[in-house]
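2 protein chains.
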Amino acid sequence: MPSLRSAATTAATIETRPLHAVDRWLAARLQATIAPASIGVELWDGSTTGPPGQAIGDLLIHDRGALLGLIANPDLQFGELYSDGRLDVRGPFGEVVEALSRLTKRDRLALSERWALWTARPAGLLVARRNIHRHYDIGNDFYRRWLDPDLVYTCAHYPDPDATLEAAQAEKLELVCRKVDLRPGDEVVEAGCGWGALALYMARHYGVRVRAFNISSEQLDFARARAAREGLTDRVQFIADDYRNISGRCDVFVSVGMLEHVGLRNFGALAGVLRRTLDSRSGRGLLHFIGRDRRRPLNAWIRRRIFPGAYVPTLSEVTTRVLEPAGLSVVDVENLRQHYARTLAHWWERYEGAVPELRASFDERFIRAWRLYLAGSQAAFSTGWLQLFQVVFAPPDRLVHWARAGLYNPPRETA
Amino acid sequence: MPSLRSAATTAATIETRPLHAVDRWLAARLQATIAPASIGVELWDGSTTGPPGQAIGDLLIHDRGALLGLIANPDLQFGELYSDGRLDVRGPFGEVVEALSRLTKRDRLALSERWALWTARPAGLLVARRNIHRHYDIGNDFYRRWLDPDLVYTCAHYPDPDATLEAAQAEKLELVCRKVDLRPGDEVVEAGCGWGALALYMARHYGVRVRAFNISSEQLDFARARAAREGLTDRVQFIADDYRNISGRCDVFVSVGMLEHVGLRNFGALAGVLRRTLDSRSGRGLLHFIGRDRRRPLNAWIRRRIFPGAYVPTLSEVTTRVLEPAGLSVVDVENLRQHYARTLAHWWERYEGAVPELRASFDERFIRAWRLYLAGSQAAFSTGWLQLFQVVFAPPDRLVHWARAGLYNPPRETA
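Quick mapping for you: the protein sequence lines, in order, are chains L and W. In terms of the working numbering, the first sequence has 187 at position 150, counting the first letter as 1, and numbering is strictly consecutive. In terms of the working numbering, the second sequence has 357 at position 320, counting the first letter as 1, and numbering is strictly consecutive.
None of these hints come from the bench; they were simulated from the model.
You can't tell identical chains apart in this list, so a pair holds if it fits in one copy or across any two.
Heads up, simulated EDC-like pairs for lysine to aspartate or glutamate below, C-alpha to C-alpha not over 20 Å straight-line: (1) LYS142 - ASP434; (2) LYS142 - GLU132; (3) LYS142 - ASP112.
All of these numbers come straight from a predicted model, not from anything done at the bench.
Can you build the whole structure from these sequences, using the hints too?
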């Protein structure tokens with residue numbers, strides 16, 4: 038995140054000028070907009086306006102520009118201003134962020150959102166590499182401080198809501214293997230393998246061979262070192278290449294948390310990969326991705342600062358643009374939205390615990406941006422703004438499972 | 038099915054004229070078309086052409102018109118000619134039908150199919166009533182001879198492939214109740230309730246109140262009599278009305294096997310019903326329907342003779358045209374295609390056993406048409422030409438289940 042790490046500004050630049058009448062008028066307007074969220078507004082001179090009834094928290098606005106920004110373009114500016122320390126939140130951060138996220142109309146797109154959809158362009162190989170580098174190559178040390186020890190940076194599956202993050206990530210890896218009915222000897226392709234946890238799990242527990250693709254160099258270094266340490270290099274091959282360059286055939290195709298980075302206009306390319314890669318007799322696969330109920334671009338700030346080039350598709354966009362052109366049937370879809378909210382709650386809690394140490398390596402702007410990203414994502418999943426879909430697919434006349442019960446009952450197989 | 042019951046023709050009208058050179062040429066052309074299915078052709082004079090290798094069966098063609106019809110418009114004419122007895126099948130009927138159904142290209146639409154999609158018009162209330170009357174009001178006695186005793190005329194759920202039809206239908210009713218997490222006191226709306234089995238099951242086992250809608254008068258008579266017999270009239274109300282006229286509010290909306298009759302151009306009307314009916318806090322629901330991997334009209338013969346006005350949608354058409362405009366999220370999708378193939382195998386087997394008795398009430402044309410419809414449907418599901426989707430949905434911030442395991446493990450609740 039070079040753009041966040043450099044150009045440090047701090048919360049110290051609080052306005053000292055007295056209020057003007059226009060500030061009070063703007064504050065009242067902002068208050069009216071956010072009133073349904075029961076959040077108050079406090080300006081830089083300490084003056085406050087409150088919602089009718091009890092406020093769950095307050096926005097502390099430190100200068101006039103921040104006030105204007107929040108009114109003019111809240112989708113982008115809330116994140117920018119909070120990162121810059123020109124806006125603070127008093128009260129429970131997560132609850133305030135969640136209440137604010139409920140304000141957006143679900144069935145209306147802002148003009149800027151339509152514009153973003155119209156002008157989205159397919160990322161070529163180089164742009165894709167740069168986008169992925171920017172998020173995933175912040176440094177493995179950074180992620181190690183708040184992810185589970187296996188560094189699984191995707192939605193976990195909690196057997197019950199009180200399970201630990203570690204247990205839930207292990208459960209997720211197992212669930213993916215069961216959903217695609219892994220069998221010893223299967224040839225597996227994984228598109229976008231992160232730090233390699235799933236590929237290594239599959240090889241270790243199911244006796245399959247995995248070719249795992251990724252374009253994040255830091256992740257690949259970690260994954261390869263781990264494969265060597267665990268004696269799995271003969272069964273898991275970590276390949277530094279784009280999903281579009283996947284060649285050869287496979288029995289099982291899995292992709293967990295990559296589709297969001299593909300972008301709608303490259304869905305046809307992914308369909309082509311599936312069509313030429315997946316065996317038409319033995320084939321089956323799973324796409325695990327963040328989704329939406331209706332077409333909409335990602336939040337403008339997330340798109341700018343956190344996930345450049347990302348697009349969160351609807352289920353329909355995935356079935357019609359990826360699976361249908363690849364000649365594949367939908368076998369099973371599970372929405373794990375609440376599990377991602379729980380996963381993010383765990384990540385965020387660990388992240389906050391690590392902040393004192395992170396300050397040694399990262400500036401305050403970066404630290405605040407990631408706090409908002411984690412809390413905002415949790416809010417988006419718990420309110421249903423974002424969904425998490427696991428889609429199992431197969432050629433039309435391939436039976437993957439007779440019935441689901443078998444997925445949830447038998448003891449784990451090990452190879 | 039008045040059109041099938043009247044105008045009886047029989048297999049007795051076999052051509053006696055000797056073959057002409059053009060007949061041999063046409064037979065060779067037909068043979069070339071169906072060769073990949075390993076099926077032979079035998080003409081009315083006993084002359085045969087065979088596929089390369091062993092044939093699994095033969096088409097016995099009884100006149101020149103039949104030969105021409107099979108070449109010119111097989112989608113429609115196979116059913117017409119077989120019903121009329123101008124075409125017979127030698128060898129295992131189901132296997133031959135399945136082999137023939139595999140011949141159609143999956144990713145290409147015939148011009149007549151495009152035309153059918155373009156010209157499809159939304160059925161008004163009267164047309165819908167006529168279409169439903171034609172299929173479902175053949176007489177309860179007819180259906181009683183080959184359905185299970187509860188008269189469940191939709192895909193069952195087989196705990197294992199060897200389960201009985203009765204067990205599998207009971208399991209399906211229970212599965213639907215669990216998928217929507219029925220709770221005592223829930224107000225349920227069922228759109229298209231058939232002979233009432235699900236509505237009565239819900240009331241009996243889960244202590245809910247059900248308003249069940251249907252426009253088939255014979256089915257309603259049966260359902261009401263059964264409710265009275267079982268003392269459930271205070272909890273289940275069978276209402277003779279179209280789904281578009283559903284009023285009031287409900288906690289749970291279920292529809293099992295009705296969506297196929299709604300037609301694509303009425304999906305917006307169904308979305309409107311969901312939007313105004315389903316409680317935005319407590320609401321959740323399930324749509325169970327025959328689906329497809331890609332947009333395509335129903336087989337022309339099925340559309341003409343069996344299910345007038347029916348359209349089998351893709352999953353994407355349902356999510357974008359029904360759930361999205363209703364502001365609902367996809368919670369869970371299960372493809373039960375193989376279970377429908379099994380269900381149809383059971384129905385067909387019982388149907389064949391009942392044919393001697395059915396001949397007292399129905400002519401040979403009707404009996405042959407239904408044989409082909411049942412065998413052809415089984416083939417369509419087992420080859421993946423048709424899918425069976427159960428879609429669970431809910432408002433975006435409603436949690437229906439924490440995890441699936443609970444659906445498959447606990448003992449049945451009873452009220």
